[in-house]
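*Asks:* Sequence:
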Amino acid sequence: MPIDLDDLLDPASCAVLTHELQASIVGESTSLPLLAEQTRPIFEPTRLLLAGARAAGVPVVHNVKGDDAVPDARPNSPLASAMARMGAATDPRVIADIGPEASDITIERHHGVSAFPGTELDAVLRLLGVDTIVATGVSVNVGIFALTVDAVSRGYRVVVATDAVSGTPADYAQAVLDNSLSVLATQLTTQQILDIWSSRS
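My numbering puts the first residue of the sequence shown at 2, with every later residue one more than the last.
Treat the hints with care, as some may be off.
[Unchecked claim] Each pair of labels, with its calculated beta carbon distance range:
#	residue 1	residue 2	range
1	Arg201	Asp68	39 to 47 Å
2	Ser104	Pro42	34 to 42 Å
3	Leu80	Asp7	19 to 27 Å
4	Ser199	Ser82	42 to 50 Å
5	Arg201	Ala176	33 to 41 Å
6	Arg155	Arg75	38 to 46 Å
7	Asp179	Ser104	32 to 40 Å
8	Pro79	Gly119	18 to 26 Å
9	Asp7	Arg75	42 to 50 Å
10	Val153	Arg55	20 to 28 Å
11	Ala74	Arg201	44 to 52 Å
I should point out that these hints are in silico values taken from the structure, not numbers from a laboratory.
Quick caveat: nothing in here was measured; it's all calculated off a predicted structure.
Note that the Cβ used here is the ideal one computed from N, Cα and C, for glycine as well.
Given these sequences and hints, build the entire structure.
*Replies:* Take a look at the structure:
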C-alpha cells in the first residue's frame, strides 16, 4: 500500500527531532572534526526545515548529549572509550547555524547513543500527540539509526530528511540509508517535506 505522505506529515501529529546538532559534536567545541566538517552542508537544509516546521505548527525538539550521569563510569563502547581518551568536553548548546528558537524543546540525555532510553523524549512526544518523527542530525550510522530503531519499536513512524542528516565515513552513511534505514523509515528531502506542509496552508 502506498504511503499517504499528507497523513504521514500531518502537522497535527508530527514533530521534527534534531539529534546531536550541538556545539561539542558538530559545533565550535567539537572533538570530532571530521564529522563536524562532513556535517556542515546539512546546516542550511536543517535550518530551513525547522523554520518551515514552526510556520506549519510542527513542534521542533532537539536531543542533545549532556554530561555523563556517572562521570567516572567505565566506558561501555569503543566510541565512549575514544571520547574519554580525547578528554572530550560536553557542550549541549544547540548550534546557532540551525536557528534554534526559544519555543523549541530541548531534551538532554546522559548516557548511551540513542535519544529515547533514559530521557523524557517519549513522554514529551506523546503529550504533543506525535505519531511521526522527522529525524535530522548526526550520525546516520549510529545516532540516527538508533533513534529510528527505537522510535519504530515504540510505535512511531519515522521520516528521515536525507539532506539534513550526516555520518562518517560518508559512503558508509549512504549505505546505511540505502540498506537499513530504507526499510524502517520514509526518506524525503527537506524540500519535499516543506512542499507537503506548504500545500496544506
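*Asks:* Hint by hint, note whether the structure agrees.
*Replies:* Each hint tested on the structure:
{"no.": "1", "hint": "Arg201 x Asp68: 39 to 47 Å", "result": "40 Å, holds"}
{"no.": "2", "hint": "Ser104 x Pro42: 34 to 42 Å", "result": "26 Å, violated"}
{"no.": "3", "hint": "Leu80 x Asp7: 19 to 27 Å", "result": "38 Å, violated"}
{"no.": "4", "hint": "Ser199 x Ser82: 42 to 50 Å", "result": "46 Å, holds"}
{"no.": "5", "hint": "Arg201 x Ala176: 33 to 41 Å", "result": "34 Å, holds"}
{"no.": "6", "hint": "Arg155 x Arg75: 38 to 46 Å", "result": "29 Å, violated"}
{"no.": "7", "hint": "Asp179 x Ser104: 32 to 40 Å", "result": "35 Å, holds"}
{"no.": "8", "hint": "Pro79 x Gly119: 18 to 26 Å", "result": "21 Å, holds"}
{"no.": "9", "hint": "Asp7 x Arg75: 42 to 50 Å", "result": "48 Å, holds"}
{"no.": "10", "hint": "Val153 x Arg55: 20 to 28 Å", "result": "26 Å, holds"}
{"no.": "11", "hint": "Ala74 x Arg201: 44 to 52 Å", "result": "47 Å, holds"}
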